[in-house]
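Line by line, the protein sequences are chains A and B.
This note's numbering puts the first residue of the first sequence at 74, with every later residue one more than the last.
This note's numbering puts the first residue of the second sequence at 80, with every later residue one more than the last.
Among these hints, one or two may not hold up.
Said to hold, decoys possible - Sample of chain B residues lacking proximity to chain A, with all beta carbon distances greater than 12 Å (derived): (1) T88; (2) I91; (3) R94; (4) Q97; (5) S106; (6) G107; (7) Q120; (8) Q123; (9) E131; (10) R136; (11) P149; (12) S152; (13) A159; (14) L160; (15) Q182; (16) V192.
Claimed, not checked - Partial pick of chain A residues on the chain B-facing surface, computed with a CB cut under 8 Å: (17) L81; (18) P82; (19) G89; (20) Y98; (21) G114; (22) K115; (23) P117; (24) F119; (25) F162; (26) Y169; (27) N172; (28) G176; (29) G178.
Calculated from the structure, these hints are not laboratory results.
The structure displayed is predicted, hence computed values, not measured ones.
Built from N, CA and C at the ideal position, the CB exists for glycine as well.
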Amino acid sequence: GESVGLHLPTLSVQEGDNSIINCAYSNSASDYFIWYKQESGKGPQFIIDIRSNMDKRQGQRVTVLLNKTVKHLSLQIAATQPGDSAVYFCAENANYGQNFVFGPGTRLSVLP
Amino acid sequence: ETGVTQSPTHLIKTRGQQVTLRCSSQSGHNTVSWYQQALGQGPQFIFQYYREEENGRGNFPPRFSGLQFPNYSSELNVNALELDDSALYLCASSFGLAPDYEQYFGPGTRLTVT
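So that you can see chain A by itself, here it is in the shape it has in the complex:
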């Protein structure tokens, strides 16, 4: 399949451990954020989103934390599984604009 990135920052975690992927965003006006997962040969897949009026949002095995003061977003994955291996992107959006700005991505590698 397609390689989505050859020189991305890589996070390696042991299967069953928790993963934390970080993202710094640049636009202080951004008020909506999404985490995407991209597997080789596929387009980005929505994982979880958060609006700027929230600090934390939880989904199934995933939690997103938003710190507006330092313009930082994190994605926590609990009990990481081999199927979680992929490239993860944060994306930001401001004022109901349609231009989502994606971060550079982090490759998550789950070790057996």
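Position chain B relative to chain A; hints supplied.
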């Protein structure tokens, strides 16, 4: 799978040529956005079509143009291809405008310009 399809999967073009990429949106979706993803980078927004009208454009030159048809499928046209246009081109469709509606991405078209 998302139900968003793109064609072709891969293609190779020569610098200076023109290319048309196609996107078939998920059933019921009236909004299509196109992104360019260079190797090792995140996707970059090219433009969006909402109900057949362009509704927002990123920082791309006019040689990148598009269309949305009455069935809401879409085309991305790139004229006068340059080597830097080599990338994965993604389309994403949704029931409406963000952030109220989630975007669903297709698998992309890998364009190589030689």
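Okay, the hints, checked on the actual structure:
Non-interface call for T88/B relative to chain A: violated, since the shortest CB-CB distance, roughly 9 Å, does not exceed 12 Å. At the 12 Å boundary, the C-beta of I91/B stays outside the reach of chain A, the nearest C-beta of that chain being 15 Å off. No Cβ of chain A approaches the Cβ of R94/B within 12 Å, the least distance being about 22 Å, so the stated non-interface status holds. For Q97/B, the shortest C-beta to C-beta distance to chain A comes to about 23 Å, beyond the 12 Å cut-off, and the non-interface label holds.
Once the 12 Å rule is applied to beta carbons, S106/B is consistent with being away from chain A; the minimum gap is 17 Å. Every C-beta of chain A lies more than 12 Å from that of G107/B, the closest at about 17 Å, which supports listing it as non-interface. Against chain A, the non-interface label of Q120/B is violated: not every CB pair exceeds 12 Å, the least being about 6 Å. Against the 12 Å criterion, Q123/B falls within the reach of chain A, whose nearest CB is about 7 Å from its own CB.
Every CB of chain A is more than 12 Å from the CB of E131/B (nearest about 15 Å), matching its label as outside the interface. Not every beta carbon of chain A lies more than 12 Å from that of R136/B, the smallest distance being close to 8 Å; the non-interface claim is violated. Every beta carbon of chain A lies more than 12 Å from that of P149/B, the smallest distance being close to 21 Å; the non-interface claim holds. Against chain A, the non-interface label of S152/B holds: every CB pair exceeds 12 Å, the least being about 16 Å.
Non-interface status of A159/B relative to chain A is upheld: no Cβ of that chain comes within 12 Å, the nearest being about 24 Å off. Every beta carbon of chain A lies more than 12 Å from that of L160/B, the smallest distance being close to 20 Å; the non-interface claim holds. A cut-off of 12 Å between C-beta atoms contradicts the statement that Q182/B is not in contact with chain A; the least separation is 7 Å. With 12 Å as the threshold on Cβ separation, the claim that V192/B sits away from chain A holds: the shortest Cβ distance comes to roughly 16 Å.
The restraint placing L81/A at the interface with chain B holds, with a minimum CB-CB distance near 6 Å, inside the 8 Å limit. Annotation: interface hint on P82/A violated; nearest CB of chain B at approximately 10 Å, more than 8 Å. Below 8 Å, beta-carbon pairs count as interface contacts, and G89/A has none with chain B, the closest being about 28 Å; its hint is therefore violated. The interface hint given for Y98/A is violated, since its Cβ lies 12 Å from the closest Cβ of chain B, which is over the 8 Å cut-off.
Taking 8 Å as the C-beta contact cut-off toward chain B, the hint placing G114/A at the interface holds, the least distance being around 7 Å. Hint status for K115/A relative to chain B: holds, with the closest Cβ pair at about 5 Å, below 8 Å. Look at P117/A: its Cβ gets to within about 5 Å of chain B, closer than 8 Å, so that hint holds up. Taking 8 Å as the C-beta contact cut-off toward chain B, the hint placing F119/A at the interface holds, the least distance being around 5 Å.
At its closest, the beta carbon of F162/A sits 5 Å from a beta carbon of chain B; the interface hint therefore holds under the 8 Å criterion. Satisfaction of the interface hint for Y169/A is found here, the shortest Cβ-Cβ separation to chain B being roughly 7 Å, below the 8 Å cut-off. Because the closest C-beta pair between N172/A and chain B is about 5 Å apart, less than 8 Å, the hint holds. For G176/A, the suggested interface contact is upheld, since its CB lies about 6 Å from the closest CB of chain B, less than 8 Å.
Because the beta carbon of G178/A sits about 5 Å from the nearest beta carbon in chain B, less than 8 Å, this interface hint is met.
The structure shown violates the earlier hints numbered 1, 7, 8, 10, 15, 18, 19, 20.
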